Amino acid sequence: MRHYELMVILDPSLEERTITPSLDTFLNVVRNGGGSVEKVDVWGRRRLSFEIDKKAEGIYAVIDLQAEPDTMKELDRQLNLNESILRTKVMRPELRASRAPAATVGAAKPAAGRGPATRTAAGAPAGSPRPPAPPPPA
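Residue numbers (the numbering used here): 4 to 141.
Hints may contain errors.
[Stated by the list, open to error] Here are the simulated lysine-lysine pairs, BS3-like style, with alpha carbons at most 27 angstroms apart:
| # | residue 1 | residue 2 |
| --- | --- | --- |
| 1 | K92 | K76 |
| 2 | K42 | K76 |
| 3 | K57 | K92 |
| 4 | K58 | K92 |
| 5 | K92 | K42 |
[Stated by the list, open to error] Now the in silico label distances, taken between C-beta atoms and shown as ranges:
| # | residue 1 | residue 2 | range |
| --- | --- | --- | --- |
| 6 | I55 | R80 | 17 to 23 angstroms |
| 7 | R48 | N85 | 17 to 23 angstroms |
| 8 | M10 | L98 | 14 to 20 angstroms |
| 9 | E60 | M94 | 54 to 60 angstroms |
| 10 | W46 | H6 | 17 to 23 angstroms |
| 11 | D44 | E18 | 17 to 23 angstroms |
| 12 | E54 | M4 | 33 to 39 angstroms |
| 13 | D27 | M94 | 18 to 24 angstroms |
| 14 | T21 | A59 | 29 to 35 angstroms |
| 15 | G37 | P15 | 16 to 22 angstroms |
| 16 | N31 | M94 | 18 to 24 angstroms |
| 17 | T21 | L51 | 17 to 23 angstroms |
FYI, nobody ran anything at the bench for these hints, they're computed from the structure.
Note that the coordinates shown come from a computational prediction; the quantities given were computed from them, not determined experimentally.
Just so you know, even glycine gets a beta-carbon here, dropped at the ideal spot from N, CA and C.
Using the sequences and the accompanying hints, generate a full structural model.
Here it is in structure tokens:
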């Protein structure tokens, strides 16, 4: 099973108290498919950055859940068929723990040309692609 975040923008003409029960009817698809709903966070009425179906506002809801990919496809299909749902977005968030080791590895090795300036015995900067300049004529 995979972790998903689902963002739903609902029609602003819906009453606030009917939002969670109407979302639960859709989330039964996940429960029946063997998945689990971890969190339902209703943000409430927000102004849209652009009009959707001639509506300037929408009711936002963010849902964290665990489900199989086929179950998520079915949930997204059912949400898109409902006229009270303006938009949906299904995301698979990256795990923060998987990014932390990559940042540590990159920090251990300084970038080329960074850090203290070192010179070779001939006077050229360390790692320089050019050979040192010849001494001036005497």
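Now for the hints, and whether the structure bears them out:
{"no.": "1", "hint": "K92 to K76", "verdict": "holds, 12 angstroms"}
{"no.": "2", "hint": "K42 to K76", "verdict": "holds, 19 angstroms"}
{"no.": "3", "hint": "K57 to K92", "verdict": "holds, 20 angstroms"}
{"no.": "4", "hint": "K58 to K92", "verdict": "holds, 18 angstroms"}
{"no.": "5", "hint": "K92 to K42", "verdict": "holds, 16 angstroms"}
{"no.": "6", "hint": "I55 to R80: 17 to 23 angstroms", "verdict": "holds, 19 angstroms"}
{"no.": "7", "hint": "R48 to N85: 17 to 23 angstroms", "verdict": "holds, 18 angstroms"}
{"no.": "8", "hint": "M10 to L98: 14 to 20 angstroms", "verdict": "holds, 19 angstroms"}
{"no.": "9", "hint": "E60 to M94: 54 to 60 angstroms", "verdict": "violated, 23 angstroms"}
{"no.": "10", "hint": "W46 to H6: 17 to 23 angstroms", "verdict": "holds, 20 angstroms"}
{"no.": "11", "hint": "D44 to E18: 17 to 23 angstroms", "verdict": "holds, 18 angstroms"}
{"no.": "12", "hint": "E54 to M4: 33 to 39 angstroms", "verdict": "holds, 37 angstroms"}
{"no.": "13", "hint": "D27 to M94: 18 to 24 angstroms", "verdict": "holds, 21 angstroms"}
{"no.": "14", "hint": "T21 to A59: 29 to 35 angstroms", "verdict": "violated, 21 angstroms"}
{"no.": "15", "hint": "G37 to P15: 16 to 22 angstroms", "verdict": "violated, 34 angstroms"}
{"no.": "16", "hint": "N31 to M94: 18 to 24 angstroms", "verdict": "holds, 21 angstroms"}
{"no.": "17", "hint": "T21 to L51: 17 to 23 angstroms", "verdict": "holds, 20 angstroms"}
Violated hints for the displayed structure, listed by number in ascending order: 9, 14, 15.
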